Amino acid sequence: MSCYKGKYADELIANAAYIGTPGKGILAADESTGTIGKRLSSINVENVETNRRILRELLFTAPGALPCLSGVILFEETLYQKTAAGKPFVDVLKEGGVLPGIKVDKGTVELAGTNGETTTQGLDGLAQRCQQYYAAGARFAKWRAVLKIGPTEPSQLAINENANGLARYAIICQENGLVPIVEPEILVDGSHSIDKCADVTERVLAACYKALNDHHVLLEGTLLKPNMVTPGSDAPKVAPQVIAEYTVRALQRTVPAAVPAVVFLSGGQSEEEATLNLNAMNKLKGKKPWSLSFSFGRALQQSTLKAWAGKEENIPKAQAALLRRCKANSEATLGTYKGDAQLGEGASESLHVKDYKY
Amino acid sequence: MAKYIATPGKGILAADEGPGTMGKRLSSINVENVESNRQAFRELLFTAPNALPNLSGVILVEETLYQKTSGGKPFVEVLQENNVVPGIKADKGKVKLAGTNGETTSQGLDTLGARCQQYYKAGARFAKWRAVFKIGPNEPSELSIQQNARGLARYAIICQENGLVPIVEPDILIDGSHDIKKCAAATETVLAAVYKALNDQHVLLEGTLLKPNMVTPGSDSPKVPAKVIAEYTVAALRRTVPPAVPGILFLSGGQSEEDSTLNLNAMNKLDVLKPWTLSFSFGRALQLTTLKTWGGKKEDIGKAQEVFRARCLANSEATLGKFTGGTAGGLASES
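Protein chains in written order, with my numbering: chain A, 3 to 360; chain B, 312 to 646.
Think of the hints as simulated: they come from the structure by calculation, not from any bench. Treat the hints with care, as some may be off.
[Unchecked claim] Subject to a maximum C-alpha distance of 27 Å in a straight line, what follows is the list of computed DSS-like cross-link-like pairs (lysine-lysine):
{"no.": "1", "chain 1": "A", "residue 1": "K285", "chain 2": "A", "residue 2": "K239"}
{"no.": "2", "chain 1": "B", "residue 1": "K445", "chain 2": "B", "residue 2": "K335"}
{"no.": "3", "chain 1": "A", "residue 1": "K89", "chain 2": "A", "residue 2": "K289"}
{"no.": "4", "chain 1": "A", "residue 1": "K9", "chain 2": "B", "residue 2": "K538"}
{"no.": "5", "chain 1": "A", "residue 1": "K289", "chain 2": "B", "residue 2": "K633"}
{"no.": "6", "chain 1": "A", "residue 1": "K340", "chain 2": "A", "residue 2": "K319"}
{"no.": "7", "chain 1": "B", "residue 1": "K445", "chain 2": "B", "residue 2": "K493"}
{"no.": "8", "chain 1": "B", "residue 1": "K538", "chain 2": "A", "residue 2": "K290"}
{"no.": "9", "chain 1": "A", "residue 1": "K7", "chain 2": "B", "residue 2": "K493"}
{"no.": "10", "chain 1": "B", "residue 1": "K405", "chain 2": "A", "residue 2": "K289"}
{"no.": "11", "chain 1": "A", "residue 1": "K287", "chain 2": "B", "residue 2": "K580"}
{"no.": "12", "chain 1": "A", "residue 1": "K7", "chain 2": "B", "residue 2": "K445"}
{"no.": "13", "chain 1": "A", "residue 1": "K287", "chain 2": "B", "residue 2": "K445"}
{"no.": "14", "chain 1": "A", "residue 1": "K285", "chain 2": "B", "residue 2": "K585"}
{"no.": "15", "chain 1": "A", "residue 1": "K287", "chain 2": "B", "residue 2": "K585"}
{"no.": "16", "chain 1": "A", "residue 1": "K7", "chain 2": "B", "residue 2": "K580"}
{"no.": "17", "chain 1": "A", "residue 1": "K7", "chain 2": "B", "residue 2": "K585"}
{"no.": "18", "chain 1": "A", "residue 1": "K329", "chain 2": "A", "residue 2": "K290"}
{"no.": "19", "chain 1": "B", "residue 1": "K633", "chain 2": "A", "residue 2": "K285"}
{"no.": "20", "chain 1": "B", "residue 1": "K493", "chain 2": "B", "residue 2": "K405"}
{"no.": "21", "chain 1": "B", "residue 1": "K614", "chain 2": "B", "residue 2": "K493"}
{"no.": "22", "chain 1": "A", "residue 1": "K289", "chain 2": "B", "residue 2": "K580"}
{"no.": "23", "chain 1": "A", "residue 1": "K290", "chain 2": "B", "residue 2": "K314"}
None of these values were measured; they are calculated from a predicted model.
Produce the complete structure using the sequences and hints provided.
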């Protein structure tokens with residue numbers, strides 16, 4: 003059996019390629035209600051729908067920001083929200099040349115018999131939900147699988163389960179017109195070396211692409227959202243050049259050229275680190291048949307959130323902070339970032355939270 | 312070493328026909344299948360003037376690895392002096408898989424490590440292992456895919472541990488009346504399984520080469536243009552072969568000399584991103600006309616060598632997308 007060739011094939015290929023446009027990337031604004039609550043409480047803002055709406059409006063209407071983006075990932079609530087003036091967020095994005103995307107997984111559950119490893123749920127009724135999201139304007143989706151590094155982790159079971167889940171999710175999305183972003187995140191927690199992270203990343207990615215092939219997923223209509231290859235959070239740091247070399251090498255060994263773009267997660271790196279690492283990758287010489295870009299959540303929003311602090315009068319300042327980070331990352335996708343973005347408060351602050359649960 | 316073999320403008324001569332297979336070739340020109348004749352034909356190929364610059368490697372069988380020219384010079388030295396890397400066939404043929412419809416797996420893993428060390432000492436720097444698949448209503452079966460992929464991966468890591476670049480050859484036979492889409496689907500499934508197995512066995516992809524079939528209609532199906540073969544083949548490779556692999560060198564698998572060259576040329580002309588070089592590892596598609604021109608006659612050696620040189624050059628041009636068609640005579644179109 004060959005890969006998916008149904009009615010959405012051409013559209014999937016075109017949308018995936020568009021998201022990978024050099025100079026653009028993705029804003030991951032799909033924090034669930036619980037997670038956004040933690041962000042809001044860090045700036046003493048109440049976690050109610052209005053405030054969640056205000057924050058997202060701040061992001062999506064920031065002057066000059068949208069041209070740096072090809073997609074925004076939304077949480078279901080946000081997909082149906084509007085600006086204060088009554089314009090659906092989805093329309094704001096589309097008019098700005100940005101594809102709306104939707105988080106479709108329903109979080110992680112523990113795998114019995116493992117040392118705290120998880121698999122991701124959300125396959126039940128997924129096809130119907132995808133159809134609804136497509137009707138609401140979404141054109142891509144995201145599903146996050148989580149793996150960790152430890153003495154006996156990731157286990158074969160965790161790798162198999164998560165790869166299979168990603169592949170099932172991916173083909174269901176394609177059958178319903180949504181480009182699946184495949185996200186196998188290997189947490190940065192631990193004291194392991196960058197070599198260990200590379201080894202695990204290569205094994206996990208190989209398993210993912212075998213599963214995608216087994217499930218007849220059309221690779222040209224997918225995107226990959228992996229972790230960068232770095233030392234563990236408790237291990238000594240290394241230079242962006244080193245991270246770039248290890249990361250690109252891992253991708254060369256596992257990601258077929260048919261995949262149009264790789265959009266990295268920031269996973270707790272500071273805003274500036276994430277940008278510098280992405281920039282180093284794009285400066286690297288060597289075979290990179292996929293574009294290398296960003297799908298950042300915390301690493302795009304941290305300074306913005308702090309600048310806003312929940313106050314209406316701070317909105318322009320906050321939007322300017324977002325624009326600075328968007329521009330920096332846009333340049334990083336071209337390898338032209340000079341590290342001169344005026345650092346907002348918190349841009350160098352590590353965003354790592356141990357054992358992060360979205 | 313793998314990168315050198317994948318040099319644009321060069322490719323591999325597969326001259327690793329075992330004595331049995333060589334026997335069939337020789338009998339087709341009424342030549343007796345004895346060692347001296349096998350030696351004479353290989354000498355014809357390796358000393359053909361101006362042929363070797365178009366080659367980066369030659370695959371040999373064990374017998375040939377230790378043979379010399381009539382002047383007493385080891386074949387291995389003849390190749391090395393001309394910057395052609397000697398390689399060695401490492402598998403020991405196929406055995407049937409019980410419970411399948413004639414599907415096979417390849418053997419040769421026992422003592423492979425020790426054999427690789429000997430081959431390395433004798434001058435070999437790469438190896439080849441051929442796994443065979445067929446297309447049918449229920450084929451290739453999951454068992455056949457798993458077994459052959461695993462065999463290829465075990466072979467590959469053992470080679471690397473002993474200094475030989477493994478050429479990974481998953482050959483999906485052209486036999487059948489299936490269309491090109493069916494071949495594409497089978498090729499993608501097989502290649503995905505092969506690369507998963509290589510990853511499982513910790514094979515260093517940067518130090519391997521791939522020798523796949525081109526994606527074509529079955530031999531009993533209507534032919535399609537070279538451009539179509541190129542598009543399906545490159546799409547299949549883009550979906551399965553990681554960029555870390557330096558080069559892909561196609562088998563000819565029963566295609567005519569001319570078709571093999573035209574298809575390879577079309578692939579290299581295709582305006583699509585290809586992160587590996589695309590070249591040839593041809594046996595019959597380099598030797599068929601040469602063999603017939605020789606016919607076993609000493610006085611025809613010169614003529615035969617010229618035919619061989621021309622085929623090597625044609626394929627060298629095809630790796631650069633520069634082949635303009637039609638070299639040797641009518642036999643070149645013979646399948």
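Query - Hint numbers not upheld by this structure, sorted from lowest to highest - result: 3, 10, 13, 19, 21
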